[in-house]
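These protein sequences, in sequence, are chains A and B.
Here my numbering is used: position 144 in the first sequence is 144, and no number is missing along the way.
One gets my numbering by counting positions in the second sequence from 1 and adding 1000 to each.
Since the hints were derived computationally from the structure, they do not count as laboratory data.
It is possible that some hints are incorrect.
[What the hints assert, rightly or not] Covered stretches of chain A (chain B as the covering partner; in silico rule of three or more C-beta atoms under 8 Å from a C-beta of chain B):
| # | region |
| --- | --- |
| 1 | 9-16 |
| 2 | 32-45 |
| 3 | 72-83 |
| 4 | 173-179 |
[Claimed, not checked] One-sided excerpt, in silico: chain B residues whose CB lies under 8 Å from chain A:
| # | residue |
| --- | --- |
| 5 | Phe1010 |
| 6 | Glu1016 |
| 7 | Leu1020 |
| 8 | Ser1026 |
| 9 | Phe1029 |
| 10 | Ala1030 |
| 11 | Ile1034 |
| 12 | Gln1109 |
| 13 | Phe1112 |
The beta carbon of each residue, even a glycine, is placed where N, CA and C say it ideally should be.
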Amino acid sequence: MTPKSYTDVSDQQVVVFAQEGREDAYRELIKRYERPVFSLIYRMVRDNETAEDLAQETFIKVLNNIDRYRPEFKFSSWLFKIANNITIDHLRRRQVDTISIEGAPDAITAERARATAVTVTSGGESPLEELESRELGASIEKAIARLRPEYRACIILRHVEDYSYDEIAEIVKLPLGTVKTYIHRARQELREYLGDLR
Amino acid sequence: MIEHDFDEDFVPIAAELQRLPYMSPSRGFADRVISGIDRLQPARVAPVLASRHLELHQGGQQAVVPRRRMGVVRATGRAAVGVSLIAAAAFMFFEVDVLTAILAAASTQYAFAIAAFGAQVGAVVLGPETIAFLQAGALQAVLLYMTLAVGLFGGYAAIRTAAHIAKRKAA
Chain A
1 MTPKSYTDVS DQQVVVFAQE GREDAYRELI KRYERPVFSL IYRMVRDNET
51 AEDLAQETFI KVLNNIDRYR PEFKFSSWLF KIANNITIDH LRRRQVDTIS
101 IEGAPDAITA ERARATAVTV TSGGESPLEE LESRELGASI EKAIARLRPE
151 YRACIILRHV EDYSYDEIAE IVKLPLGTVK TYIHRARQEL REYLGDLR
Chain B
1001 MIEHDFDEDF VPIAAELQRL PYMSPSRGFA DRVISGIDRL QPARVAPVLA
1051 SRHLELHQGG QQAVVPRRRM GVVRATGRAA VGVSLIAAAA FMFFEVDVLT
1101 AILAAASTQY AFAIAAFGAQ VGAVVLGPET IAFLQAGALQ AVLLYMTLAV
1151 GLFGGYAAIR TAAHIAKRKA A
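Next up, chain A with everything else stripped away, as it sits in the complex (with noise of 0.2 Å):
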């Protein structure tokens, strides 16, 4: 079978073109994944470039093993897990725990700053509701920044991607209860970072 779309297909059919060799349904998993992979690492580094290229790395390593991956999982578990290992590998390697929702800690210019800022987009509200949007998502941006790494990870994949504790213990190769742990303990930080939304 060669789809001429693949809108209703399942992911592990189009990873079973992939493994075929087909370049439509490389691109097409790179197409589902690239804005949550990207937007994971992002908010992990909070560096463009920096995401970006740790993004990059994570889809050549996944798609280059495609061979390997096993369909009883979810391709997505799989793909986040490579992405986080990468990510705290590059954060090991850089010692970058704290960061600024202003920048990259390593931005020494202000064109550098704005460009490592988080920025914040909404869309489909009137002027006063996407203010509003747009200080609760900066608010919660910069509290996610102010997160030890590996509570940043369990916290987005819990709450942004919706991912069950099971499922982000296999991602994070952490024990259960220590990702039960991380989460309990980063939804207390992040409660008394935005107090003011309550």
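Given chain A, work out where chain B should sit, using these hints.
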């Protein structure tokens, strides 16, 4: 939506987390990723229409096109060096006259040149798959040629040496 497993005071924060927008990488991200995927590179150099031929085509490309020219050039170069060394050794130890050595070496190298030219013509006439099959024995063929060359020079040198010794004894 995930199940509600947190306190009520976290609900608005959870809602905001759910509303966080996805961010996009820059344009051309997919192309850059694709350019980094090894198994897709040969197909992009020479695209094929039918996917079921892709693997064969890629295999053929990898086995034949990049290695064919390099293999022939390398084999010819090594043969030339080998023959030159043998000729030099024969000249030094067995006093084979220079003209004979050069002519013998040149004729041997000419055989490799014919082989290289034949491989190029064969690639055009027979197609890359056939040539890939034929070239599977290319290394054996080179070894055979080398053995023949060594045997030829060795035999020739032995005959010349024997003749030389006989001539000295006669003198």
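Structure-based check of each hint:
1. 9-16: violated (count 0)
2. 32-45: holds (count 6)
3. 72-83: violated (count 0)
4. 173-179: Since 0 is below three, the answer is violated.
5. Phe1010: 5 Å, holds
6. Glu1016: Result: holds, 5 Å to nearest chain A Cβ.
7. Leu1020: 6 Å, holds
8. Ser1026: 6 Å, holds
9. Phe1029: Nearest chain A Cβ about 6 Å off; hint holds.
10. Ala1030: Because about 5 Å separates Ala1030/B from the closest Cβ in chain A, which is inside the 8 Å limit, the hint holds.
11. Ile1034: 6 Å, holds
12. Gln1109: For Gln1109/B, the interface hint is violated, since the closest Cβ of chain A sits about 42 Å away, which is over 8 Å.
13. Phe1112: 37 Å, violated
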